[in-house]
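Undergrad: Protein chains in written order, with my numbering: chain A, 1 to 248; chain B, 249 to 330.
Heads up, a few of these hints could be off.
As the list claims (entries may be wrong) - Cβ-Cβ distance ranges computed for the label pairs, FRET-style: (1) A/Ala216 / B/Gly297: 17 to 23 Å; (2) B/Glu287 / A/Arg131: 29 to 35 Å; (3) B/Pro296 / A/Val190: 47 to 53 Å; (4) B/Asp254 / A/Ala216: 28 to 34 Å; (5) A/Lys124 / B/Gly297: 48 to 54 Å; (6) B/Ala315 / A/Glu24: 28 to 34 Å; (7) B/Gly297 / A/Gly125: 54 to 60 Å.
What the hints assert, rightly or not - Which chain B residues stay away from chain A? Per the calculated CB distances, all over 12 Å, these: (8) Lys252; (9) Ala279; (10) Leu280; (11) Pro282; (12) Leu283; (13) Glu287; (14) Asp289; (15) Val312; (16) Val314; (17) Ala315; (18) Gly317; (19) Arg318.
Stated by the list, open to error - Taking beta-carbon pairs under 7 Å as the criterion, some of the chain A residues facing chain B (in silico): (20) Met1; (21) Leu5; (22) Glu7; (23) Cys9; (24) Pro15; (25) Thr16; (26) Val190; (27) Leu194; (28) Arg197.
Simulated from the structure, these hints should not be mistaken for laboratory data.
Each residue gets a CB set at the ideal place from its N, CA and C atoms; glycine is no exception.
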Amino acid sequence: MHPILEEFCDKWVWPTMPGAPGAEFRLKLTREKCLPAWEAILERTVHDIEEELTSNDEEWKRQHALRGYAAEGVHMSIKQMSAQLLSVDIGEQENYIDLQRMRARQIWDECKHSKLHADVLLGKGWVKNERELMSIAQANVQPLPAYFGPSMMFPHIHPLARAAQNYYTEANACLGIMAYIKMVDDPLVVHEHLSQRDEELMHFMEGKFQLDFYCATPESQHHVEDALGYLLHQIGGFGRSPQPGAAK
Amino acid sequence: MSLKVDHERCTECRMCYIVCRELDINAVYVALEPLHRIEIDLDACTYPGCTACLMYCPAAGSIVEVATGRSMVPPSPEAWQS
Numbered sequence: 001m002h003p004i005l006e007e008f009c010d011k012w013v014w015p016t017m018p019g020a021p022g023a024e025f026r027l028k029l030t031r032e033k034c035l036p037a038w039e040a041i042l043e044r045t046v047h048d049i050e051e052e053l054t055s056n057d058e059e060w061k062r063q064h065a066l067r068g069y070a071a072e073g074v075h076m077s078i079k080q081m082s083a084q085l086l087s088v089d090i091g092e093q094e095n096y097i098d099l100q101r102m103r104a105r106q107i108w109d110e111c112k113h114s115k116l117h118a119d120v121l122l123g124k125g126w127v128k129n130e131r132e133l134m135s136i137a138q139a140n141v142q143p144l145p146a147y148f149g150p151s152m153m154f155p156h157i158h159p160l161a162r163a164a165q166n167y168y169t170e171a172n173a174c175l176g177i178m179a180y181i182k183m184v185d186d187p188l189v190v191h192e193h194l195s196q197r198d199e200e201l202m203h204f205m206e207g208k209f210q211l212d213f214y215c216a217t218p219e220s221q222h223h224v225e226d227a228l229g230y231l232l233h234q235i236g237g238f239g240r241s242p243q244p245g246a247a248k
Numbered sequence: 249m250s251l252k253v254d255h256e257r258c259t260e261c262r263m264c265y266i267v268c269r270e271l272d273i274n275a276v277y278v279a280l281e282p283l284h285r286i287e288i289d290l291d292a293c294t295y296p297g298c299t300a301c302l303m304y305c306p307a308a309g310s311i312v313e314v315a316t317g318r319s320m321v322p323p324s325p326e327a328w329q330s
């Protein structure tokens, strides 16, 4: 196991509330399905970072910051997460107040990410002020399907499917962030990842809690298994997605 | 023995609050003063009998043992391997 993954598991994955009804299911799922995928994706990320570090200029940092500026913040926060909140009927809202509060907290986090990416661009002297970013296409476009694609249209995801998404996917984010923080000796790049480190780990814990507490029966567990099967196949799969223009 | 929140580390995500309420212990609460921060009611908290909040807290160092000042997040193995 990669040392970063081992550290992540020891700190955040294996600690389990004694007697948690869904813990056995979560841990089995982790060992059989999540770990191999986490390991593969982490290795890919580490390889990408190593390649970036061998380059003689900092263009990759600029590209990361521009893409980060576009990817985080209002785009996904407002569109995707507000859709999740609004998928709950008004009469039922009070039953989901904690979920709403966590999404509100996430919107705050997401907006902070953009500021940190902008801070890198400003700190490195790549832009003079944030207004200049409005003229740079990379800072304003977003190809990920979660933002504007069809998956945005289906907010009525089962809460336990969402928990699986939080648990599996956000662990990948946590691992990538850990890798950048450990491998890149640049205070601005480290700084760029700190708000995401906090946010992604919160999501991971949200998923971990829901799996441990609510996934004690086959009826509840199948939502998680279905979602994880989809995520492993479609999103976190082991092959890179085809690049635009590569399809014949 | 009990736990308290280190407000220099806590990100106020409220995972501990949700977990504690789910177990109907209700030791974690939102204090009106100051700043609506998360606090732990020492009389209601059953630590070390219950360590649930420690397992789901994502902010390293944000929950500490009152008696020793020892950081409990991420939890050490003795907090959950019992």
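Undergrad: Take the hints in turn and mark each one as holding or not.
TA: Each hint tested on the structure:
1. A/Ala216 / B/Gly297: 17 to 23 Å: Cβ of A/Ala216 to Cβ of B/Gly297: about 22 Å, so the range 17 to 23 Å holds.
2. B/Glu287 / A/Arg131: 29 to 35 Å: Check failed, 42 Å falls outside 29 to 35 Å.
3. B/Pro296 / A/Val190: 47 to 53 Å: 35 Å, violated
4. B/Asp254 / A/Ala216: 28 to 34 Å: 33 Å, holds
5. A/Lys124 / B/Gly297: 48 to 54 Å: With Cβ atoms ~52 Å apart, the hint holds.
6. B/Ala315 / A/Glu24: 28 to 34 Å: This hint holds: roughly 32 Å between Cβ atoms.
7. B/Gly297 / A/Gly125: 54 to 60 Å: 56 Å, holds
8. Lys252: 19 Å, holds
9. Ala279: Since the minimum Cβ distance to chain A is about 16 Å, B/Ala279 lies beyond 12 Å and the statement holds.
10. Leu280: Non-interface label stands for B/Leu280: nearest chain A Cβ at 16 Å, farther than 12 Å.
11. Pro282: B/Pro282 is indeed farther than 12 Å from all Cβ atoms of chain A, at 19 Å.
12. Leu283: 15 Å, holds
13. Glu287: Holds: least Cβ distance 17 Å, greater than 12 Å.
14. Asp289: Fine: 19 Å to the nearest Cβ keeps B/Asp289 off the interface.
15. Val312: Per Cβ check, B/Val312 is outside 12 Å of chain A; nearest 16 Å; holds.
16. Val314: Its Cβ never comes within 12 Å of chain A, the nearest being 20 Å, so this holds.
17. Ala315: Given a closest Cβ separation of 21 Å, the condition holds.
18. Gly317: B/Gly317 clear of chain A: closest Cβ-Cβ about 20 Å, beyond 12 Å.
19. Arg318: 15 Å, holds
20. Met1: It is violated, given that the least Cβ distance between A/Met1 and chain B is near 17 Å, above 7 Å.
21. Leu5: Since chain B brings no Cβ nearer than about 15 Å to A/Leu5, farther than 7 Å, the hint is violated.
22. Glu7: With a minimum Cβ separation of about 10 Å from chain B (threshold 7 Å), the hint on A/Glu7 is violated.
23. Cys9: This hint is violated: A/Cys9 lies away from chain B, its Cβ roughly 11 Å from the closest one there, beyond 7 Å.
24. Pro15: 5 Å, holds
25. Thr16: 6 Å, holds
26. Val190: 16 Å, violated
27. Leu194: Not OK, violated: A/Leu194 not within 7 Å of chain B, min 11 Å.
28. Arg197: At about 9 Å, which exceeds the 7 Å cut-off, the nearest Cβ of chain B leaves the hint on A/Arg197 violated.
Violated hints for the displayed structure, listed by number in ascending order: 2, 3, 20, 21, 22, 23, 26, 27 and 28.
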